[in-house]
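Student: Chains as they are written, first to last, in this note's numbering: chain A, 1 to 232; chain B, 1 to 219.
What the hints contain is simulated information worked out from the structure, not anything from laboratory work. Note that CB positions come from ideal geometry on N, CA and C, so glycine has one too. Worth double-checking, as some hints may not be accurate.
[To be verified] Result set (DSSO-like, lysine-lysine): computed pairs, CA atoms no more than 30 Å apart in a straight line:
(1) LYS44(B) / LYS203(B)
(2) LYS44(B) / LYS138(B)
(3) LYS203(B) / LYS138(B)
(4) LYS131(B) / LYS203(B)
(5) LYS44(B) / LYS131(B)
(6) LYS210(A) / LYS12(A)
(7) LYS210(A) / LYS131(B)
(8) LYS44(B) / LYS210(A)
(9) LYS210(A) / LYS203(B)
[As the list claims (entries may be wrong)] Some chain B residues judged to face chain A by a derived CB distance under 8 Å, without partners named:
(10) HIS17
(11) ARG141
(12) ALA145
(13) ILE146
(14) LEU152
(15) VAL161
(16) GLN165
(17) ARG198
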Amino acid sequence: MSVQSEVSPEHKLANLIACEQCDAVWARPTLAAGQQARCGRCDAVLRRHPWIGLHGQLALVATAIIMFVIANAFPIVVLDIQGIRHGSTLLEAIIALSQQGANGVAIVAAVTVFICPLLELLIRASALLSVTSAQSETGTMHTMLGPSLRLLTRVQRWSMTEVYVIGILVTVVKLGSTAQVIPGISIVSFGALTLLIGAIRSAGTDAIWKQLDLSRARMLAVGSAPDSAARP
Amino acid sequence: MSKITVATELGCRGCHHCQLVFAVPSRADEARCPRCGEPSHHRKPNSIQRTLALLITAVILYIPANMLPVFRTITLGDGQDHTIVGGVVDLANTGSWELALIVFVASVVVPVFKISALFILVWVSIRHRAKQLEQHAKLFRVVEAIGHWSMLDVFVIALLVALVQFGSIATIEPASGAIAFGMVVVLTMLASLSFDPRLMWDKSGNELDNVDAPKRSAI
Numbered sequence: 001m002s003v004q005s006e007v008s009p010e011h012k013l014a015n016l017i018a019c020e021q022c023d024a025v026w027a028r029p030t031l032a033a034g035q036q037a038r039c040g041r042c043d044a045v046l047r048r049h050p051w052i053g054l055h056g057q058l059a060l061v062a063t064a065i066i067m068f069v070i071a072n073a074f075p076i077v078v079l080d081i082q083g084i085r086h087g088s089t090l091l092e093a094i095i096a097l098s099q100q101g102a103n104g105v106a107i108v109a110a111v112t113v114f115i116c117p118l119l120e121l122l123i124r125a126s127a128l129l130s131v132t133s134a135q136s137e138t139g140t141m142h143t144m145l146g147p148s149l150r151l152l153t154r155v156q157r158w159s160m161t162e163v164y165v166i167g168i169l170v171t172v173v174k175l176g177s178t179a180q181v182i183p184g185i186s187i188v189s190f191g192a193l194t195l196l197i198g199a200i201r202s203a204g205t206d207a208i209w210k211q212l213d214l215s216r217a218r219m220l221a222v223g224s225a226p227d228s229a230a231r232p
Numbered sequence: 001m002s003k004i005t006v007a008t009e010l011g012c013r014g015c016h017h018c019q020l021v022f023a024v025p026s027r028a029d030e031a032r033c034p035r036c037g038e039p040s041h042h043r044k045p046n047s048i049q050r051t052l053a054l055l056i057t058a059v060i061l062y063i064p065a066n067m068l069p070v071f072r073t074i075t076l077g078d079g080q081d082h083t084i085v086g087g088v089v090d091l092a093n094t095g096s097w098e099l100a101l102i103v104f105v106a107s108v109v110v111p112v113f114k115i116s117a118l119f120i121l122v123w124v125s126i127r128h129r130a131k132q133l134e135q136h137a138k139l140f141r142v143v144e145a146i147g148h149w150s151m152l153d154v155f156v157i158a159l160l161v162a163l164v165q166f167g168s169i170a171t172i173e174p175a176s177g178a179i180a181f182g183m184v185v186v187l188t189m190l191a192s193l194s195f196d197p198r199l200m201w202d203k204s205g206n207e208l209d210n211v212d213a214p215k216r217s218a219i
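Construct all of the structure, not just a fragment, from the sequences and the given hints.
Tutor: Here is the structure:
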């Protein structure tokens, strides 16, 4: 449960939070596990308590990358029409699409089901690795963290694994009357990948930024500020 | 009645990416977040014009997307064209009506709902006195959440074309309606991305009745 108090002049900017959707400013709420804070003006979610720690997130991302590899290494489904069998992996399907002259559809599929989910997982993995290693004093700061996490927000919007999984189910049913459809490990992996991506996204990036702030403050105290901390 | 403080009044801005609140020099429109470097604007530039342009293009493309066939099945030399709505009917007749309902919602209900909702939101933002903003704010969040589900039919077409390649026995070819439909989905997603919901609140003034009671919520 969370309460937002109204803003008083003694609040420092760092202790404020601005609603993305209506621009109202609130005192940054302290949240416990399972809580979320909503804007008192437009009811948009201001922030959620990350339900899983940084190392837990890293474990989820690693599992998701394995699922992504399996899902793409095996045929989506194998079709059997009068004894002739034909199956293709996601990438083979995309190449087949462009050979059929459907370049637009091929590009949409490649971006939303392959490139964006892959980038989403890789960016998160590198960000989590760099902040968890910065926790130990010897770790080096990842100066690309800001730009790469900004890319993450954009990539996430166009990553549509969940829609694709339902698309596979619809396709299987549509083809059920004309061909024998043999589902494989790829469908199961795509399903698992969808759940994992959902879990990872719900953890947000708040914890990563908090960790980054802490390590920057520590490095400033030591007197070896990295370039990125001194950006105007 | 209680006063809501808006970031602009405090001379600050909330970063849309990392949520840091930072001071912006007065009259500066473009400023970068000191923590993550994300560029920010007071309000999204030309939000209304961009949203409207994308929406109108989407409406125009929605016509060929539904009139033209999206794929063609060729079974033993016998060709047949399929449209988006025809696909839903086929699915209801041969497969399961549950899946037909899902495809109907994703391909027909969601695009129409999304386009009309965004037109309403644009109208609310340019009207002199905006009312019922909480409901409109919720409408915007619904549009954001469901937008990408219309891509379902594009994926189904992509899979059908890629998988059903059995030469003269059975082949599925893509048709021009598919790309028009895909464009409608992408354009409506871009339209909701370029719409700035803060514009609606700018028209409202800051007085609200119900902010004395702080909101409590739990997941």
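Student: Hints first: check each against the structure and report whether it holds.
Tutor: Verification of the supplied hints:
1. LYS44(B) / LYS203(B): 15 Å, holds
2. LYS44(B) / LYS138(B): 19 Å, holds
3. LYS203(B) / LYS138(B): With Cα atoms ~17 Å apart, LYS203(B) and LYS138(B) stay inside 30 Å; holds.
4. LYS131(B) / LYS203(B): This hinted pair holds, its Cα atoms lying about 9 Å apart.
5. LYS44(B) / LYS131(B): Holds - the C-alpha atoms of LYS131(B) and LYS44(B) are around 22 Å apart, at most 30 Å.
6. LYS210(A) / LYS12(A): Judged against 30 Å, a Cα distance of about 17 Å means the pair holds.
7. LYS210(A) / LYS131(B): With Cα atoms ~38 Å apart, LYS210(A) and LYS131(B) exceed 30 Å; violated.
8. LYS44(B) / LYS210(A): Measuring from Cα to Cα gives roughly 27 Å; hence the hint holds.
9. LYS210(A) / LYS203(B): 35 Å, violated
10. HIS17: This interface hint holds because 5 Å falls under the 8 Å limit.
11. ARG141: Result: holds, 7 Å to nearest chain A Cβ.
12. ALA145: 12 Å, violated
13. ILE146: 11 Å, violated
14. LEU152: Status holds, d = 5 Å.
15. VAL161: This interface hint holds because 6 Å falls under the 8 Å limit.
16. GLN165: Holds - the Cβ of GLN165(B) comes within 8 Å of chain A, reaching about 6 Å at its closest.
17. ARG198: Holds, about 5 Å.
Taken one by one, the earlier hints fail for this structure at numbers 7, 9, 12 and 13, listed in ascending order.
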